[in-house]
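> Using the working numbering, the first residue of the sequence shown is number 113, and each one after it goes up by one.
Hints are not guaranteed to be accurate.
Derived CB-CB ranges, DEER-like [unchecked claim]: (1) D232 - I261: 17 to 23 Å; (2) A193 - G165: 17 to 23 Å; (3) G165 - G252: 33 to 39 Å; (4) N150 - E271: 49 to 55 Å; (5) S212 - N187: 26 to 32 Å; (6) W141 - I215: 19 to 25 Å; (7) I178 - H306: 17 to 23 Å; (8) D154 - N267: 24 to 30 Å.
Rather than coming from a laboratory, the hints here were simulated on the basis of the structure. All C-beta atoms, glycine included, are put in the ideal place defined by N, C-alpha and C.
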Amino acid sequence: MSEDLPYTFNTSEWLPTQGVTDTLPIEAWFPPIEYHFNAVADPPEGGEVMESGVFIYGDPMTLGAIPNDNYVFRNWTFEGAEFSDNPLWEGNSTFFLARSTCIGCTEFTIVGNFDLDVSDTITVNLRAEPPGGGEVSGGGEFPKGSSTIISAVPNSGYEFSGWYYDPCGTPFSDSQTLTLSNLQFDLALFASFHKP
(Lines of atoms letter the chains of each structure in order from A and count residues from 1; the text may use other names and numbers.)
(Lines give C-alpha, C1' and ligand atoms only; values in the text may rest on other atoms or scores of the structure.)
Protein backbone atom coordinates (compact mmCIF):
# COMPACT_ATOMS: atom_id res chain seq x y z
CA MET A 1 0.00 0.00 0.00
CA SER A 2 1.21 3.50 -0.76
CA GLU A 3 0.02 7.01 0.05
CA ASP A 4 2.46 8.75 -2.26
CA LEU A 5 1.13 11.34 -4.66
CA PRO A 6 0.13 11.50 -7.46
CA TYR A 7 -1.92 8.33 -6.90
CA THR A 8 -4.78 7.30 -4.63
CA PHE A 9 -5.31 3.75 -3.48
CA ASN A 10 -8.69 2.49 -4.72
CA THR A 11 -9.73 -0.08 -2.09
CA SER A 12 -12.94 -0.89 -3.95
CA GLU A 13 -10.92 -2.68 -6.64
CA TRP A 14 -9.08 -5.22 -4.50
CA LEU A 15 -9.01 -8.70 -5.98
CA PRO A 16 -11.29 -11.14 -4.05
CA THR A 17 -9.61 -13.16 -1.30
CA GLN A 18 -12.49 -15.15 0.26
CA GLY A 19 -12.07 -18.90 -0.05
CA VAL A 20 -8.41 -18.71 -0.94
CA THR A 21 -6.49 -21.70 0.50
CA ASP A 22 -3.10 -20.94 -1.01
CA THR A 23 -0.83 -17.95 -1.38
CA LEU A 24 -2.40 -15.48 -3.77
CA PRO A 25 -0.86 -12.18 -4.82
CA ILE A 26 -3.15 -9.23 -4.22
CA GLU A 27 -3.01 -6.63 -6.92
CA ALA A 28 -3.62 -3.00 -6.02
CA TRP A 29 -4.61 -0.60 -8.77
CA PHE A 30 -3.71 3.07 -8.45
CA PRO A 31 -5.82 5.18 -10.79
CA PRO A 32 -4.20 8.56 -11.54
CA ILE A 33 -5.74 11.54 -9.79
CA GLU A 34 -7.43 14.03 -12.09
CA TYR A 35 -6.64 17.67 -11.38
CA HIS A 36 -8.95 20.43 -12.58
CA PHE A 37 -7.23 23.68 -13.57
CA ASN A 38 -9.32 26.76 -14.33
CA ALA A 39 -7.66 29.74 -16.02
CA VAL A 40 -9.43 33.08 -15.46
CA ALA A 41 -8.80 36.71 -16.43
CA ASP A 42 -8.59 39.52 -13.86
CA PRO A 43 -10.35 41.80 -14.53
CA PRO A 44 -12.67 39.70 -16.73
CA GLU A 45 -12.86 42.47 -19.34
CA GLY A 46 -9.06 42.67 -19.52
CA GLY A 47 -8.60 39.84 -21.98
CA GLU A 48 -8.90 36.17 -22.83
CA VAL A 49 -6.96 33.33 -21.19
CA MET A 50 -6.39 29.66 -22.07
CA GLU A 51 -6.27 26.81 -21.08
CA SER A 52 -8.61 25.25 -18.58
CA GLY A 53 -9.08 21.53 -18.32
CA VAL A 54 -8.44 18.26 -16.54
CA PHE A 55 -4.87 16.99 -16.20
CA ILE A 56 -3.04 14.21 -14.40
CA TYR A 57 0.33 14.48 -12.68
CA GLY A 58 3.01 15.49 -15.18
CA ASP A 59 0.70 16.34 -18.07
CA PRO A 60 2.02 19.15 -20.30
CA MET A 61 0.18 22.47 -20.01
CA THR A 62 0.22 25.62 -22.12
CA LEU A 63 -1.23 28.93 -20.92
CA GLY A 64 -2.06 31.77 -23.28
CA ALA A 65 -3.25 35.32 -22.60
CA ILE A 66 -4.57 37.81 -25.16
CA PRO A 67 -5.34 41.34 -23.88
CA ASN A 68 -8.45 43.15 -25.08
CA ASP A 69 -8.32 46.65 -26.53
CA ASN A 70 -6.95 49.24 -24.08
CA TYR A 71 -5.44 46.56 -21.84
CA VAL A 72 -1.99 45.02 -21.46
CA PHE A 73 -1.02 41.67 -19.96
CA ARG A 74 0.77 41.94 -16.58
CA ASN A 75 1.48 38.43 -15.30
CA TRP A 76 0.29 34.96 -14.32
CA THR A 77 -0.40 34.18 -10.67
CA PHE A 78 -1.14 30.93 -8.85
CA GLU A 79 -2.52 31.06 -5.31
CA GLY A 80 -1.58 34.74 -5.20
CA ALA A 81 2.06 34.31 -6.26
CA GLU A 82 3.44 35.44 -9.61
CA PHE A 83 5.12 32.72 -11.64
CA SER A 84 5.52 34.32 -15.08
CA ASP A 85 5.11 37.62 -16.92
CA ASN A 86 5.11 35.91 -20.32
CA PRO A 87 1.64 35.75 -21.94
CA LEU A 88 2.59 32.35 -23.39
CA TRP A 89 3.67 29.88 -20.70
CA GLU A 90 4.58 26.25 -21.29
CA GLY A 91 5.15 23.71 -18.55
CA ASN A 92 3.29 20.87 -16.85
CA SER A 93 0.83 20.20 -14.06
CA THR A 94 3.64 19.16 -11.70
CA PHE A 95 4.81 22.79 -11.62
CA PHE A 96 1.57 23.87 -9.93
CA LEU A 97 1.06 20.81 -7.74
CA ALA A 98 4.52 21.30 -6.24
CA ARG A 99 3.72 24.95 -5.42
CA SER A 100 0.21 24.52 -4.06
CA THR A 101 -0.33 25.05 -0.35
CA CYS A 102 -3.55 23.03 -0.50
CA ILE A 103 -2.48 19.43 0.07
CA GLY A 104 -4.98 16.97 -1.36
CA CYS A 105 -6.87 19.55 -3.43
CA THR A 106 -7.84 18.64 -6.97
CA GLU A 107 -9.25 21.96 -8.19
CA PHE A 108 -7.01 24.95 -8.83
CA THR A 109 -7.31 28.43 -10.34
CA ILE A 110 -4.66 30.15 -12.45
CA VAL A 111 -5.11 33.89 -12.95
CA GLY A 112 -4.04 35.93 -15.95
CA ASN A 113 -3.77 39.54 -14.78
CA PHE A 114 -4.33 42.53 -17.04
CA ASP A 115 -3.90 46.29 -16.57
CA LEU A 116 -5.37 49.24 -18.39
CA ASP A 117 -2.98 50.55 -21.01
CA VAL A 118 -1.99 53.84 -19.37
CA SER A 119 -1.07 55.31 -22.74
CA ASP A 120 -4.76 55.10 -23.67
CA THR A 121 -6.31 55.81 -20.27
CA ILE A 122 -8.43 58.84 -19.34
CA THR A 123 -8.81 59.91 -15.71
CA VAL A 124 -12.02 61.55 -14.47
CA ASN A 125 -11.57 63.08 -11.02
CA LEU A 126 -14.70 64.05 -9.10
CA ARG A 127 -15.19 65.63 -5.69
CA ALA A 128 -17.92 67.30 -3.64
CA GLU A 129 -17.76 70.92 -2.52
CA PRO A 130 -18.17 71.24 0.38
CA PRO A 131 -17.03 67.65 1.15
CA GLY A 132 -20.01 67.06 3.44
CA GLY A 133 -22.52 68.48 0.99
CA GLY A 134 -23.15 65.31 -0.96
CA GLU A 135 -21.82 62.23 -2.71
CA VAL A 136 -20.39 61.95 -6.24
CA SER A 137 -19.92 58.85 -8.39
CA GLY A 138 -18.74 57.88 -11.85
CA GLY A 139 -15.11 58.96 -11.64
CA GLY A 140 -12.06 56.78 -12.23
CA GLU A 141 -9.83 55.56 -15.04
CA PHE A 142 -11.35 54.70 -18.41
CA PRO A 143 -10.15 53.65 -21.86
CA LYS A 144 -9.84 56.59 -24.22
CA GLY A 145 -13.02 57.02 -26.25
CA SER A 146 -15.26 55.33 -23.70
CA SER A 147 -18.10 56.82 -21.64
CA THR A 148 -19.08 57.18 -18.00
CA ILE A 149 -22.15 58.38 -16.14
CA ILE A 150 -21.43 60.85 -13.34
CA SER A 151 -23.91 61.63 -10.60
CA ALA A 152 -24.18 64.01 -7.65
CA VAL A 153 -26.53 63.31 -4.73
CA PRO A 154 -26.92 65.98 -2.01
CA ASN A 155 -26.81 64.98 1.63
CA SER A 156 -29.60 65.91 4.02
CA GLY A 157 -29.80 69.67 4.42
CA TYR A 158 -28.11 70.44 1.09
CA GLU A 159 -29.17 71.05 -2.50
CA PHE A 160 -27.25 70.48 -5.72
CA SER A 161 -25.94 73.65 -7.40
CA GLY A 162 -24.11 72.29 -10.44
CA TRP A 163 -20.95 70.74 -11.85
CA TYR A 164 -17.88 72.96 -12.22
CA TYR A 165 -14.41 72.54 -13.66
CA ASP A 166 -11.89 71.87 -10.91
CA PRO A 167 -10.13 73.98 -9.69
CA CYS A 168 -11.05 77.06 -11.73
CA GLY A 169 -14.80 76.92 -10.98
CA THR A 170 -16.02 77.48 -14.55
CA PRO A 171 -19.57 76.07 -14.91
CA PHE A 172 -19.77 72.67 -16.61
CA SER A 173 -23.37 71.43 -16.21
CA ASP A 174 -26.42 71.95 -14.01
CA SER A 175 -27.60 68.33 -14.40
CA GLN A 176 -27.18 66.11 -11.37
CA THR A 177 -26.65 63.06 -13.57
CA LEU A 178 -25.09 63.18 -17.01
CA THR A 179 -23.18 60.99 -19.45
CA LEU A 180 -19.64 61.90 -20.45
CA SER A 181 -19.20 60.38 -23.90
CA ASN A 182 -16.12 59.72 -26.06
CA LEU A 183 -13.61 60.66 -23.38
CA GLN A 184 -10.41 61.97 -24.95
CA PHE A 185 -8.75 64.01 -22.19
CA ASP A 186 -8.36 63.89 -18.41
CA LEU A 187 -11.17 65.75 -16.66
CA ALA A 188 -11.52 67.17 -13.15
CA LEU A 189 -14.90 68.35 -11.86
CA PHE A 190 -16.48 69.21 -8.55
CA ALA A 191 -20.15 69.05 -7.65
CA SER A 192 -21.22 72.16 -5.75
CA PHE A 193 -23.82 71.88 -3.00
CA HIS A 194 -25.46 74.62 -0.97
CA LYS A 195 -27.81 74.89 1.97
CA PRO A 196 -31.26 76.22 0.99
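> Please check whether S212 and N187 have a Cβ separation lying inside 26 to 32 Å.
Distance hint for S212, N187 is violated at roughly 18 Å.
> Note whether the CB distance of D154 and N267 lies within 24 to 30 Å or breaks it.
At 35 Å between Cβs, range violated.
> Against the range 17 to 23 Å, how does the distance between the Cβ atoms of I178 and H306 compare: consistent or not?
violated (50 Å)
> Falls inside 17 to 23 Å, the C-beta gap from D232 to I261?
holds (21 Å)
> Determine whether the Cβ-Cβ distance between N150 and E271 falls within the hinted range of 49 to 55 Å.
Distance hint for N150, E271 holds at roughly 50 Å.
> Verify the CB-CB distance for A193 and G165 against the hinted window 17 to 23 Å.
Because 22 Å falls inside the window, the suggested range holds.
> Could you see if the CB distance from G165 to G252 stays within 33 to 39 Å?
Hint holds: Cβ distance 35 Å, inside 33 to 39 Å.
> Do the Cβ positions of W141 and I215 conform to the proposed distance bound of 19 to 25 Å?
Holds, since W141 and I215 (Cβ atoms, about 23 Å apart) stay within the stated range.
Going through the hint list in order, the structure does not satisfy hints 5, 7, 8.
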